[in-house]
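With the hints as a guide, bring the two chains together.
In order, the protein sequence lines correspond to chains X and R. For the first sequence, the numbering used here assigns the number 1 to the initial residue and increments by one for each residue that follows. For the second sequence, the numbering used here assigns the number 1001 to the initial residue and increments by one for each residue that follows.
The hints are simulated quantities; they were obtained by calculation from the structure and are not laboratory data. Careful: at least some of the hints might be erroneous.
[Unchecked claim] Interface residues of chain R toward chain X, partial, derived using beta-carbon atoms under 8 Å:
1) 1088
2) 1091
3) 1094
4) 1156
5) 1157
6) 1159
7) 1227
8) 1236
9) 1239
10) 1245
11) 1248
12) 1338
Built from N, CA and C at the ideal position, the CB exists for glycine as well.
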Amino acid sequence: MKSEDVDRMVILSHPKDNVATAKFPIKAETLLTFSDGKKIEVREEIRFGHKIALRKIPKDSPVIKYGERIGRAIRTIEPGELVHIHNVEGERGKSKSKNIG
Amino acid sequence: MKFLGYRRPDEKVGVRNHVIILPSVVCASEVCNAIARNVKGTIAIPHPHGCAQLPFDAEQTSRTLIGIGKNPNVAAVLVIGLGCEVVDSSMITSKIAESGKLAKNLIIQEVGGSPKTVKQGVKIAKEMLSYASRLRREKVNLDSLILGVECGGSDACSGLSANPALGVASDLLIKEGGTIILSETTESIGAEHILAKRAINRSVRKKIFEIVKRTEMRALSLGLDIGKANPAPGNYAGGITTLEEKSLGCVMKGGTGKIMEVLEYAEAPAQKGLILMDTPGHDAESVTGLLAGGTQIVAFTTGRGNPMGSPIAPVIKIATNSFLYSKMKDDMDINAGEIITGNKSIQEIGEKIFHEVIRVANGKLTKSEIWGHREFAINRIGPSF
Chain X
1 MKSEDVDRMV ILSHPKDNVA TAKFPIKAET LLTFSDGKKI EVREEIRFGH KIALRKIPKD
61 SPVIKYGERI GRAIRTIEPG ELVHIHNVEG ERGKSKSKNI G
Chain R
1001 MKFLGYRRPD EKVGVRNHVI ILPSVVCASE VCNAIARNVK GTIAIPHPHG CAQLPFDAEQ
1061 TSRTLIGIGK NPNVAAVLVI GLGCEVVDSS MITSKIAESG KLAKNLIIQE VGGSPKTVKQ
1121 GVKIAKEMLS YASRLRREKV NLDSLILGVE CGGSDACSGL SANPALGVAS DLLIKEGGTI
1181 ILSETTESIG AEHILAKRAI NRSVRKKIFE IVKRTEMRAL SLGLDIGKAN PAPGNYAGGI
1241 TTLEEKSLGC VMKGGTGKIM EVLEYAEAPA QKGLILMDTP GHDAESVTGL LAGGTQIVAF
1301 TTGRGNPMGS PIAPVIKIAT NSFLYSKMKD DMDINAGEII TGNKSIQEIG EKIFHEVIRV
1361 ANGKLTKSEI WGHREFAINR IGPSF
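Pulled out of the complex, with its shape left as it was, chain R reads as follows (with noise of 0.2 Å):
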């Protein structure tokens, strides 16, 4: 099966063609949003990091910023620096422009102040934007493609309906040579067995009981149980009574394949078929980790109702009850709800979402792209300082 795409300079192929305008640090952030309100078509992702961050995690946002600036969704990429913060601006242009994408960097100390790197900035961002309205699709293969597979606002359904159907939709693309990426490791605590049993050698079974220990343990490190975020009340109001009764639902979003690889937040894949990524449970840092490792298109199933997008790749969104699905339709893209009131089955709503998948990987614009959801926030390990 093939989809059609814009082919990278790095081979890559992406399902979007974004010119994005991102800052380094959250100081930059209103000098790349006054650049994209000038240059119509461009986004700004801004964000509250960059700065005064320890080393991991000045560490951990360079990562997520690089993977964001060579996802291949992205066609071209303008970084924006202050110039005294932590994470280096023009170090994050240059790696990015390793992937071979056209990349330029200002920093505001440099060129001037705010009004002088706007103008700048906006020369650059028509000059990136003609060059991406150049660009084409082509036929490629769905092995090129990455699925990112998250749930957020779950209820007690969760597992009952959109997760095992994503779960059919997972194993479907990985047939067809395809990525899926399950993360959320706060939500595969009390699953983490079954995720084991798959793991495709020792050092992998190693590391899925390594991150989901590390997670319990950094919550019981603060003396406090995770239960107090996690489930939210929301999912306790769902029907969703414990974390393990989460993470049993929230596991089957990957379906039944071996785990190749365990990977650390915002890291790129080297295998195929079906990852790991340790994130945490929290949506929106979940899905900015999964895209900067890559991810083209996620696949988010809710049942409470979450019209969360983001700034450079599709999410589609999968209600898990029918209640949901039509009290918020225009922010669900399909309704697993069918399969609770047994009109259709697992299997059945699973295809649907596989030709949704290539749909979406074609140019359809799912409903958080339609509504501008572009939620993006990078997970941090330590606080400020």
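Isolated chain X, as found in the complex (with noise of 0.2 Å):
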């Protein structure tokens, strides 16, 4: 199992986000490293640019990119799971949007 300091594999755009973009494909079971010694295990392969779950995101709650809201997590998320259009929807532009404007 390869070790990786985290900063060197992924990006995180604000200290809120509970996601990463990946720097470089990023294979599984890869371990990625904090510096306070924290350990995040990758679960799957991610891609380049594709995203990456830092903390546990319970289903139903935001996604937080930008320190932003980018949409909802439509079943929990572990720690080291891709996070992409599989488990998160956005909430904007939809026929069944509550939340316009």
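Shown next, in the form of structure tokens:
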């Protein structure tokens, strides 16, 4: 299992974010290590530019990037999981949207 | 800071010196192409509009064509009409001529058909080209510059590299007295609160919320999710997950300035500084609206790789990631991907973009100009009838 410094592999755009963007393709089982010693195991391959959960995101809670809400988790997302259209839903511009303007 | 530009009779300053052959209607497009083919150095701008349009669309098409003709990058305009269309070519010509610019009009049905119109048009276009060739660049202040900021084929890096770097360049140009137009209302959905906080006054703040709501409602009134069209498949493949994520990255291109004014599509700004224009996320339609509003240069960020240009303005391409930059180097002017790899800061790339804008204003050709990209599309509101 390869261990990598988290800042080398991903970009965190804002301290409030619960997801980070991959700077390189990241292999499954890579261990991302934080400066405080915390470690996250990457659960699946993350393609370049795609997002990885840095914290547990409970179902229906917001996914945060740029310090802002980019959507809602449609199921609980564990740290190290890929965060994309299979587990996140946008809340704007939807025909059933309650959240206009 | 100064640049070398073409001062026009209305005191606006061009960074290019084009002679354009502009159809008022789709039916005149091929005649325009034929004239431009016969007068090397002129540019035809064919389009599919100008007839069977309801008043709001006819007005928007007219406003766009007039704005394109009045754009300071254009030295002279030959407008070709058919004669029976909704969009009146003589009205368009006289509105363009109000700016003091050389503008002439031929109407195919009055001249007597395609060959005769081409023959007369070629003669006029040659005279216009000769006139334009005698104009010289002069030193002017950067406050004459309007930079349109655009993103197309975004990926998840857009909001992390190229867009914030372009935001730095936008702030630098505004500091020099210049103007930035930020557009693509669809890609403000989910980020309008950030823009609204920076509105110069309450009426601008209200208008920001209004144009975003109007765009969102337009899609919802069709019973469809905007997500079916925007984000595009390539955006999703590039790691963008939701429209909100795309929007939050998109609005960074304008920098951090106060928003001075909100414009309708293809409307010219009355203010300087950071301006918002209501355009769709469709890149060619958005860029066309910006140019009709008087934008002389477009800075365009892309993550997936969009090579598009414009018939009348330089479009500077900024790659959001180094994979794209090395793969599509012939279409890219600047690599902001070095921010992702950590080799350069957002500030450094921002300054690089700013200096490239000045070089391009002085005459340096962009990759899209070198490759002859002339994409042009007028936004339409309703269907044809």
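Hint-by-hint comparison with the structure:
no. : hint : verdict
1   : 1088 : violated, 36 Å
2   : 1091 : violated, 36 Å
3   : 1094 : violated, 40 Å
4   : 1156 : holds, 4 Å
5   : 1157 : holds, 5 Å
6   : 1159 : holds, 6 Å
7   : 1227 : holds, 6 Å
8   : 1236 : holds, 6 Å
9   : 1239 : holds, 4 Å
10  : 1245 : holds, 4 Å
11  : 1248 : holds, 5 Å
12  : 1338 : violated, 12 Å
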